[in-house]
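> Taken in sequence, the protein lines are chains C and R. Heads up: the first sequence begins at 1 in the numbering used here, then just goes up one per residue. Heads up: the second sequence begins at 1 in the numbering used here, then just goes up one per residue.
It is worth saying that the hints were derived from the structure and are not from the lab. Remember, predicted model here, so these are calculated numbers, not experimental data. Treat the hints with caution; some may be incorrect.
With a cut-off of at most 35 Å between alpha-carbon atoms, the simulated DSBU-like pairs for lysine-lysine come out as follows [what the hints assert, rightly or not]: (1) Lys185/C / Lys361/R; (2) Lys185/R / Lys206/C; (3) Lys185/C / Lys206/R; (4) Lys185/C / Lys358/R.
Pulled a few chain R residues facing chain C out of the computed Cβ check, cut under 7 Å [unchecked claim]: (5) Gly113; (6) Leu187; (7) Gly188; (8) Val216; (9) Pro218; (10) Glu225; (11) Ala230; (12) Val256; (13) Gly333; (14) Gly334; (15) Leu336.
Just so it is clear, CB atoms sit at the ideal spot from N, CA and C, and this is done for glycine as well.
2 protein chains.
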Amino acid sequence: MENLDHAIRKNRTAKTTVTLSHNGVPVANQDILVQQKSHEFLFGTNWGESTIALVNGELSGKEKEQAELRNEHFLRLFNQATLPFYWARFEPQRGQPQTQRILNVARWYRGQGCLVKGHPLCWHTLTADWLLSMSNREILRAQLDRIQRDVSDFAGVIDQWDVVNEAVIMPVFDRYDNGITRLCKELGRIELIRAMFDTTRAVNPKATLLLNDFDVSPAYDILIEGCLAAGIQIDVIGIQTHMHQGYWGVERTLSVLERFARFNLPIHFTENTIVSGHLMPPDIVDLNDYQVNDWPSTPEGEKRQAQEVVLHYKTLFAHPAVQAITWWDLSDGGWLNAPAGLLRKDQSCKPAYDELLKLIKGEWWLPPTKVTTNADGQFIFNGFLGGYELSLGHQKATFSVKEKGESSISISL
Amino acid sequence: MENLDHAIRKNRTAKTTVTLSHNGVPVANQDILVQQKSHEFLFGTNWGESTIALVNGELSGKEKEQAELRNEHFLRLFNQATLPFYWARFEPQRGQPQTQRILNVARWYRGQGCLVKGHPLCWHTLTADWLLSMSNREILRAQLDRIQRDVSDFAGVIDQWDVVNEAVIMPVFDRYDNGITRLCKELGRIELIRAMFDTTRAVNPKATLLLNDFDVSPAYDILIEGCLAAGIQIDVIGIQTHMHQGYWGVERTLSVLERFARFNLPIHFTENTIVSGHLMPPDIVDLNDYQVNDWPSTPEGEKRQAQEVVLHYKTLFAHPAVQAITWWDLSDGGWLNAPAGLLRKDQSCKPAYDELLKLIKGEWWLPPTKVTTNADGQFIFNGFLGGYELSLGHQKATFSVKEKGESSISISL
Numbered sequence: 001m002e003n004l005d006h007a008i009r010k011n012r013t014a015k016t017t018v019t020l021s022h023n024g025v026p027v028a029n030q031d032i033l034v035q036q037k038s039h040e041f042l043f044g045t046n047w048g049e050s051t052i053a054l055v056n057g058e059l060s061g062k063e064k065e066q067a068e069l070r071n072e073h074f075l076r077l078f079n080q081a082t083l084p085f086y087w088a089r090f091e092p093q094r095g096q097p098q099t100q101r102i103l104n105v106a107r108w109y110r111g112q113g114c115l116v117k118g119h120p121l122c123w124h125t126l127t128a129d130w131l132l133s134m135s136n137r138e139i140l141r142a143q144l145d146r147i148q149r150d151v152s153d154f155a156g157v158i159d160q161w162d163v164v165n166e167a168v169i170m171p172v173f174d175r176y177d178n179g180i181t182r183l184c185k186e187l188g189r190i191e192l193i194r195a196m197f198d199t200t201r202a203v204n205p206k207a208t209l210l211l212n213d214f215d216v217s218p219a220y221d222i223l224i225e226g227c228l229a230a231g232i233q234i235d236v237i238g239i240q241t242h243m244h245q246g247y248w249g250v251e252r253t254l255s256v257l258e259r260f261a262r263f264n265l266p267i268h269f270t271e272n273t274i275v276s277g278h279l280m281p282p283d284i285v286d287l288n289d290y291q292v293n294d295w296p297s298t299p300e301g302e303k304r305q306a307q308e309v310v311l312h313y314k315t316l317f318a319h320p321a322v323q324a325i326t327w328w329d330l331s332d333g334g335w336l337n338a339p340a341g342l343l344r345k346d347q348s349c350k351p352a353y354d355e356l357l358k359l360i361k362g363e364w365w366l367p368p369t370k371v372t373t374n375a376d377g378q379f380i381f382n383g384f385l386g387g388y389e390l391s392l393g394h395q396k397a398t399f400s401v402k403e404k405g406e407s408s409i410s411i412s413l
Numbered sequence: 001m002e003n004l005d006h007a008i009r010k011n012r013t014a015k016t017t018v019t020l021s022h023n024g025v026p027v028a029n030q031d032i033l034v035q036q037k038s039h040e041f042l043f044g045t046n047w048g049e050s051t052i053a054l055v056n057g058e059l060s061g062k063e064k065e066q067a068e069l070r071n072e073h074f075l076r077l078f079n080q081a082t083l084p085f086y087w088a089r090f091e092p093q094r095g096q097p098q099t100q101r102i103l104n105v106a107r108w109y110r111g112q113g114c115l116v117k118g119h120p121l122c123w124h125t126l127t128a129d130w131l132l133s134m135s136n137r138e139i140l141r142a143q144l145d146r147i148q149r150d151v152s153d154f155a156g157v158i159d160q161w162d163v164v165n166e167a168v169i170m171p172v173f174d175r176y177d178n179g180i181t182r183l184c185k186e187l188g189r190i191e192l193i194r195a196m197f198d199t200t201r202a203v204n205p206k207a208t209l210l211l212n213d214f215d216v217s218p219a220y221d222i223l224i225e226g227c228l229a230a231g232i233q234i235d236v237i238g239i240q241t242h243m244h245q246g247y248w249g250v251e252r253t254l255s256v257l258e259r260f261a262r263f264n265l266p267i268h269f270t271e272n273t274i275v276s277g278h279l280m281p282p283d284i285v286d287l288n289d290y291q292v293n294d295w296p297s298t299p300e301g302e303k304r305q306a307q308e309v310v311l312h313y314k315t316l317f318a319h320p321a322v323q324a325i326t327w328w329d330l331s332d333g334g335w336l337n338a339p340a341g342l343l344r345k346d347q348s349c350k351p352a353y354d355e356l357l358k359l360i361k362g363e364w365w366l367p368p369t370k371v372t373t374n375a376d377g378q379f380i381f382n383g384f385l386g387g388y389e390l391s392l393g394h395q396k397a398t399f400s401v402k403e404k405g406e407s408s409i410s411i412s413l
């Protein structure tokens, strides 16, 4: 733990020398208030069905209150949201995409200062049923058309995409027939990934493009190696950790990090789950097979979850390659009806939420802090990478600290 | 089983029209004896320590007799031998390779009409200990030098190589430190494979080059896909099936075949084992961990082995992508002291040997057969792909049938 805290300070903070001037004259010997306004690191969650409904004016009464409460808790802690683009739900009828409904919520999150990611553009699960009547050539055309349309419609609002999801299993997925598995069987994983990445990048050259997978075996790191050797530009490696069957622990997490960090690409932990109830039995292979009506959050489970969440976030935040951690889901009752939330079903905070808040907006955060400039108008402060605001009386200025280590910045008030 | 037999005839036989002439005149209405002399398909085993010793004049008395008996059994059934190039044994002292000893046995096998394969050129297990004192750059240089030397020394005798062995596990192998794992960690699997394949091919452009692995999970087929996408020319996919823990069965074998056949490359089943004693416990992950003094062959085990061997060979022989099956080891007491032989320790034949003989030189073989040419000097026969001899009185001619389906051939006596 001490090692993790040490690595966190080493990899996530900077010693910044700020030089303040006014009309070219140093602002000497003045009391300044400096405070952190945002994190450079991305702390996120997935969308929240209630948030989508709320933003689109579909809620009232108790439901609306609950959704507002969820959003309050979200905004206190997080600065990133992953929005759903599952084809089966986004465009259940061909030609009638839910663009406006999702665009509304994407803009709302952006308005709250959050980075928004779209998830996913190409996936065999929850893909459009209507692909099944097509030839593979037509499926490819429809899939690329879909990417061109959606990436274009959301450009400037969503500039980060999980382009291909779960490619390792994609061509051998045998639970049910679907158009994307058929296509991947024919093209192979690498050529499918190439087509999707090239198309996405052509439509939005500024976007950050992820390959995302739950399979963290050598199959996935070999796939990444193959894509890179084939000249495909992957911007970020996405790793899922749906730990419904138990927390990985620090050692396993570090060994996964070691294998995927070798590509010198940023890593996003895109889908993180630790339940606060009983664990899913270890013999379940496809998590979707575990169907329960009731999966309660328990006091002991919440205590364990809080400890594991702290350890998980510290382990990832300490590693220099990791740039984002996305929790999945924020509130209980989401995917698989699992008690996976940091909030309970009534949107009350579990200990894991409180502990994360203590880290993200406490231990890893610079509260309003008084400093005094020297005769040259300088002051030095140590802080976590992110956005800052300084105040001198009624005057305010904002600045960012983006690189760890030592840096200097000059500000004219 | 009937389906397999049907597929075998479809994929492994040809209907050949032979036209015989003598000084331009059809050899009409003559009785001809036609017989198969060899298989196009490669049926092989690994080297046999006793054969290496025998050929090098190191045996006498009972040991010599036993080695000769092994060779008799080998030659009755097989037409391919895999010879050992484990670096730790081939060159235990740097600069003193066992070239002559292995060259002697390679030439002996060639003299018996066998194709000889070298195994392996690059592998982390049994690699040279003396790499450990080197930098990665020096290890790479030594590995490539070794390939250049050995592939060159054996060219014309050995023109088939397992170039890289077990690359899937290579960089994450953690049982003990070794130079090749270090190198692979730095280069990545694909760039290591590229260096080894390019160097081997440069030295012997005529050679057939295999990538070989025991890992038949998606990790291996993704690795192959990555190598091909990166422009590495793999001639043959090598698949090991050390079934010490139990026969795969037809269904699993077919599913592996389906996944690896999609590359439209030939497949060699390079290392096949089915024991005729108790099975290795299923919890053993690295087969080398199972160390027993005594692992007897039993009558029930031999009966089961025979049934499974027949099914395994039929399944593979029936699939058009498979070009070779290599048994590992021919006699009991080889690797892991397993009762994996088709022969017992005293070189007597187990039922599996007898059953294979019935297939390879019986059901899948054309014995001396009388045919009669028509007025145009033609006769038609159905036979398994391979080498044939025909006799007309004292006159003999040889010819090959290499492609399935229908073909014609003209022979001048």
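> Broken hints, numbered, in rising order?
Result: hints 1, 4, 5, 6, 8, 12, 13, 14 and 15 break, sorted rising.
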